[in-house]
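Fit chains L and Z to the supplied structure of chain R, relying on the hints for placement.
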Amino acid sequence: MQELQVIFSGVAQGCIYGLIALGFVLIYKATETVSFAQGELMMLGAFCGLGAMQWLGWPYWLAVPSALLAMGLVGWLTERVAIRPILGQPAFSVVMLTFGIVYVARGLVTMIPNVGTETHAFPAPYKDVSFDMGGVVIGATQLVVVAATAGLCLLLYFTFRYSRVGIAMQASSQNQLAAYYMGIPVKRLNGLVWALAAMVATVAGLLLAPITFVHANMGFIGLKAFPAAVVGGFSSLPGAIVGGLIIGVVEAMAGFWLPEGFKDIAAYIVVLLMLVLKPNGLFGENLRKKV
Amino acid sequence: MSDALLSAHNLSVRFGGVLAVNNVSFDVQRGEVFTLIGPNGAGKTTVFNLISGIYTPTAGHITYNGQQMASVPPHAVAGLGIARTFQNIELFEHATVLQNLLIGRHTHRQTGLWQEMFFTPQTRAAEIAAREKVEHVIDFLDLQHHRDSMVAGLPYGVRKVVEMARALCTEPQLLLLDEPSSGLNVEETDDMAFWIADIKNVLGITVLMVEHDMSLVSKVSDRVLAMSQGEVLAMGTPSEVQSHPGVIEAYLGTIDDVSSLRRDHAKEQHP
Amino acid sequence: MRFIFKTDYDQDIRLAKHGGHVFWYGLLMVLLLTAPWLIEEYWLAQLTFVMIYSIVGLGLMLLAGFTGLFSIGHAAFLGVGAYTEAVLAAQGWPFPLSLAMSAGLSAAVGAIVGLPALRVKGIYLGIATLSFGFIVEEGLARWESVTGGNAGKHVKAIELLGYEASSNEAFYWICLVVTVVCTLAVLNLLRSATGRAFVAIRDSEISAQSMGIHLARYKTLSFMISAALAGIGGALYAHKLQFISPDQFNFLQSIDLLLMVVIGGLGSIHGAFLGALFLITMPQLISLGKDYLPDAIGQAPGLQAVVYGLVLIGFVMFEPMGLYGRWLKIRTWFQLFPFYRKGMFKRQKSFQKSDRLK
Chain R
1 MQELQVIFSG
11 VAQGCIYGLI
21 ALGFVLIYKA
31 TETVSFAQGE
41 LMMLGAFCGL
51 GAMQWLGWPY
61 WLAVPSALLA
71 MGLVGWLTER
81 VAIRPILGQP
91 AFSVVMLTFG
101 IVYVARGLVT
111 MIPNVGTETH
121 AFPAPYKDVS
131 FDMGGVVIGA
141 TQLVVVAATA
151 GLCLLLYFTF
161 RYSRVGIAMQ
171 ASSQNQLAAY
181 YMGIPVKRLN
191 GLVWALAAMV
201 ATVAGLLLAP
211 ITFVHANMGF
221 IGLKAFPAAV
231 VGGFSSLPGA
241 IVGGLIIGVV
251 EAMAGFWLPE
261 GFKDIAAYIV
271 VLLMLVLKPN
281 GLFGENLRKK
291 V
Chain L
1001 MSDALLSAHN
1011 LSVRFGGVLA
1021 VNNVSFDVQR
1031 GEVFTLIGPN
1041 GAGKTTVFNL
1051 ISGIYTPTAG
1061 HITYNGQQMA
1071 SVPPHAVAGL
1081 GIARTFQNIE
1091 LFEHATVLQN
1101 LLIGRHTHRQ
1111 TGLWQEMFFT
1121 PQTRAAEIAA
1131 REKVEHVIDF
1141 LDLQHHRDSM
1151 VAGLPYGVRK
1161 VVEMARALCT
1171 EPQLLLLDEP
1181 SSGLNVEETD
1191 DMAFWIADIK
1201 NVLGITVLMV
1211 EHDMSLVSKV
1221 SDRVLAMSQG
1231 EVLAMGTPSE
1241 VQSHPGVIEA
1251 YLGTIDDVSS
1261 LRRDHAKEQH
1271 P
Chain Z
2001 MRFIFKTDYD
2011 QDIRLAKHGG
2021 HVFWYGLLMV
2031 LLLTAPWLIE
2041 EYWLAQLTFV
2051 MIYSIVGLGL
2061 MLLAGFTGLF
2071 SIGHAAFLGV
2081 GAYTEAVLAA
2091 QGWPFPLSLA
2101 MSAGLSAAVG
2111 AIVGLPALRV
2121 KGIYLGIATL
2131 SFGFIVEEGL
2141 ARWESVTGGN
2151 AGKHVKAIEL
2161 LGYEASSNEA
2171 FYWICLVVTV
2181 VCTLAVLNLL
2191 RSATGRAFVA
2201 IRDSEISAQS
2211 MGIHLARYKT
2221 LSFMISAALA
2231 GIGGALYAHK
2241 LQFISPDQFN
2251 FLQSIDLLLM
2261 VVIGGLGSIH
2271 GAFLGALFLI
2281 TMPQLISLGK
2291 DYLPDAIGQA
2301 PGLQAVVYGL
2311 VLIGFVMFEP
2321 MGLYGRWLKI
2331 RTWFQLFPFY
2341 RKGMFKRQKS
2351 FQKSDRLK
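Chains as they are written, first to last, in this note's numbering: chain R, 1 to 291; chain L, 1001 to 1271; chain Z, 2001 to 2358.
Only chain R is shown next, with the shape it has when bound in the complex:
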């Protein structure tokens, strides 16, 4: 029984990883940049929701969409101000820039007096509800995580499948200049993708907040999402979720069965194994330069 509980909480945690990884993969698919800032965007999103509810006094169902909108704007602005000017530079430079964003985001939040350095409880309406399913106690927080992730994935799937945005994104990531020539509004597209990624991160943050509370170090969870993206294959959207689930479950099981300390590094051992066995991830593509 306990095993099931452990696995289910692993699944819930894995959904969070998957959502953050989804943000990475979105940005990577569109602009082939790797953004380490997704974790921080998640943290900011959680703070936004918290701020809306605690200091603006808004109810939950109003705070959530407003946090989403606000963070979408932040994502779009980040792209506009910081990412767009440097898009032609080597990939490493862009990654370093996202590290800079991480620093700035963390620093700014901790600078907010009395708020930034403390841990806050997140007053979600479903926080204290739990279900007993045949001996396994599942908190509503975890159920909501899984359900919301599934819903979001379906939404994104239909959006990309039945719209031209997906193809346009791939084109501009492979050869930006050619995409320009083909009339693809590359800049607008990139802004849209970053806004979308920020919103996905915010969803993750709002889902995670009732479980882990809101604090400035939330962003570190974003680091574990990288193994999730690698396991799934960096250019695959469903792969990101699958990767996240794998990492989440393995981590939960490691925490339960293996000695102390393995839980923290389980994700990293998994990713190393993956790189040895199947370097392009479960759903990734193997591209090779043709000379």
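Hint data in this document are derived by calculation from the structure and do not stem from the laboratory. Just so you know, even glycine gets a beta-carbon here, dropped at the ideal spot from N, CA and C. Be aware that one or more of the hints could be misleading.
What the hints assert, rightly or not - Reference excerpt, derived from the structure (chain Z facing chain R, CB under 7 angstroms, subset only): (1) A2045; (2) P2116; (3) L2118; (4) R2142; (5) M2317; (6) P2320.
Stated by the list, open to error - To give a feel for the contact side, a few chain Z residues facing chain L, derived at Cβ under 8 angstroms: (7) I2174; (8) N2188; (9) A2197; (10) S2204; (11) G2212; (12) G2267.
Positioned in the frame of chain R, the structure of chains L and Z alone reads:
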């Protein structure tokens, strides 16, 4: 047969469902200039990549100097005496021309890691020896002017020459040139023809090249192999291959082909 | 503008290319040698830190800047070197031997970390090194019998030839000697076949292969040398701080190291030193500037992070060649005065091309 430097026997390679090279056999005699021609996608560069060890053949084999190439890893190919240039220039962009050429001397390296770290007199002597050899190549191809320039800033024609120079610095027995004249103007192509002739006659290097410029092919080649869709169409002297009907149809074309496209000016001006 | 008239191949091979080099670097050496008598103890300690970080920076610059392999978990090697030194010093090993062991062990770990590099590129390699970084950090914390775990470990002073080098000056000179030796070793590597092979791998792997460069061997070598240098830096770091704990070698430290080489100027040896200088002086500047800012900003714990982040973003956006690049531009301006043209170092507007097809 005994003088064949390189021979391909029933060479085939398949990528997924595509048979890129199908049962190709030819041999390159020592000291000759052998050219591969054919339309785009015929598999010419793929043959080069098979020789370089970048791809492994799915059937057939290649022998070089009597030795089977199947077990040779890509980085050991240069050590055997085979050098190549690439169709889309693969130079080391963030280094100077001189450094690019010195990297070409890598297979002739005599110093180990620790000798280099302490820069022993041996290392210094080895560096000077390498520099001398590189200077010979620079003189041969008239690159003195560009010696210390960053490759990234050089014009296309010069970069093509640097690519060839780098291949020559490995002191090869066999030189693979992939479309040496693509992107070059008439004057540069003429220079290229002279250089290839010099490489053959003065340096004694065997040349295997892929080329589209027919005048260059006729000028320098001893023998030509025409490929189309991965298969051999014809092999022989330049004039033999150029008058081969299959080659004409697949690749070269005749005046008759375009006559139907020619507008009738008379009709247009006086409707 | 200085024009060098070359008559000898040696002029291109020499480290000091002309008289100016000899003069300025000679002066620098004199100043560094006499520093204990010229500056106060606090600044001497900071200078020692700069040198320690420079050694680590040299390693990371060799790996990332010259071979193009990005390591996001480099602090792991720093940690391995630091703990090796701490353990061996406690057991009474003489300093040169323990230093060599630190370098050797870090190099061995570097070879293991470099194994993924033989199969994957770019961001995948970055994630692999990141993972190794976390695993090593956790390993250092868990292996309590040797490392003392999270409680940390005290480090004895250096024992050299029977003398205990516990004074600041003695330690400074030891660091100076080690730094000079490491720098010369790296410079020598870069002007010979191995260094050129590294650059070749960075710029075009397929081409490097066709020139006879064994990719796996040189990538592993780059990782090993880079890790060894980080290990040496770590050993000195342990003695400087006299107390080490696993959380000093975490992800944030790795990012600091990367920040150092990027801001210094990727692809140049000067960059390693300039970056180390930046890393050590920036907190000083921030604390100096704190008093001039309103309390809400100046006393906030996040100020340093914000400044670091903004500086990093600024450099990537406006000065991708880093501090060394900016220095080159300033120097050219002076050399060409008044003929410096605004567009001299202008980057071509570049469009993004797929990195997956490299």
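Discussion item. Tell me if the interface restraint on Z:R2142 is satisfied: Cβ within less than 7 angstroms of some Cβ in chain R.
Written reply: Because about 5 angstroms separates Z:R2142 from the closest Cβ in chain R, which is inside the 7 angstroms limit, the hint holds.
Worksheet item: Was the hint right that Z:A2045 lines chain R, CB cutoff 7 angstroms?
Response: violated (26 angstroms)
Practice prompt. For the hint on Z:A2197, just tell me whether its beta-carbon gets within less than 8 angstroms of chain L.
Written response: Since the shortest Cβ distance to chain L is 6 angstroms, the answer is holds.
Discussion item. Min Cβ distance, Z:I2174 to chain L: is it shorter than 8 angstroms?
Written reply: Violated. Min distance 20 angstroms.
Worksheet entry | Interface restraint verdict for Z:P2320 against chain R (beta-carbon cut-off 7 angstroms) | Because about 6 angstroms separates Z:P2320 from the closest Cβ in chain R, which is inside the 7 angstroms limit, the hint holds.
Discussion item. Would the hint on Z:M2317 be counted as holding, given a Cβ-Cβ threshold of 7 angstroms to chain R?
Written reply: holds (6 angstroms)
Worksheet item: Under the criterion of a CB-CB separation shorter than 7 angstroms, is Z:L2118 in contact with chain R as hinted?
Response: violated (10 angstroms)
Worksheet item: Holds or violated: is there a CB of chain L closer than 8 angstroms to the CB of Z:G2267?
Response: holds (7 angstroms)
Worksheet entry | When the least beta-carbon distance from Z:G2212 to chain L is tested against 8 angstroms, hint result | holds (3 angstroms)
Discussion item. The hint names Z:P2116 as touching chain R; please verify it with the least Cβ-Cβ distance against 7 angstroms.
Written reply: holds (5 angstroms)
Worksheet item: Regarding the hint that Z:N2188 lies at the interface with chain L, is the smallest CB-CB distance below 8 angstroms?
Response: holds (4 angstroms)
Item to complete: For the hint on Z:S2204, just tell me whether its beta-carbon gets within less than 8 angstroms of chain L.
Response: holds (5 angstroms)
Hints 1, 3 and 7 from the earlier list are contradicted by this structure; the remaining hints agree with it.
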